[in-house]
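**Student:** Sequence:
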Amino acid sequence: MIRLENLSKSFPNGDLFSDVNIYFKSGMRAGLVGPNGSGKTTLLRIMLGEESPDSGNVQIGKNVTIGYLAQEIVPGSRRSILEEVLSKFPEVRELEGEMLSLSHDIANDPENQALVNQLGDTQNRFEALDGWSLEEKAKKILGGLGFTDRQFTETMDVFSGGWR
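Residue numbers (the numbering used here): 742 to 905.
Hints were generated in silico from the structure; no laboratory data involved.
Warning: the hint list may mix true and false statements.
Here are the simulated EDC-like cross-link-like pairs (lysine to aspartate or glutamate), alpha carbons at most 20 Å apart as the crow flies [to be verified]:
#1 880 - 868
#2 829 - 877
#3 750 - 795
Every value quoted in this text rests on a predicted model; they were computed, and no experiment measured them.
Please put together the full structure from these sequences, using the hints given.
**Tutor:** Here is the structure:
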């Protein structure tokens, strides 16, 4: 048996939920459904004892098992949502760093043809992976998922479990 009585939870930007009352009988299976940011993950964390409600009571029977698959793909990440998306393309990011490094090396040794050739090869691989437009494509995809331009620079830990 799981009993949630008069649960309330709020964050600095407002109430997440208030006066929630739920009773799960022994052997019952249930799922939480609702829009992103509505408090589903927070409610589960409260039931698991990972978070505390602002008010209300949680009673969980002794032999109760709560199955929970965490949605957090990047727990505690301090990267922005855009950085997180771009991190899924490590080869492009590595080539970008390599081009920057080679450019610095060439600036210090402009007559070194081997460095110039290496930079050309690296740029060709970068272009083949569409590296020049990767960030713009990532922003377009994030926008299509409902994220605003301002949210692109917010760290992942500010988003609800569903948004992550």
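**Student:** Are residue 829 and residue 877 close enough, with their CA atoms no more than 20 Å apart?
**Tutor:** holds (15 Å)
**Student:** Decide if the proposed pair is consistent with the structure: residue 750 and residue 795, CA atoms, cutoff 20 Å inclusive.
**Tutor:** holds (5 Å)
**Student:** Does residue 868 sit within 20 Å of residue 880, going by the straight-line distance between their CA atoms?
**Tutor:** holds (19 Å)
When each numbered hint is compared with the structure, no violation occurs for any of them.
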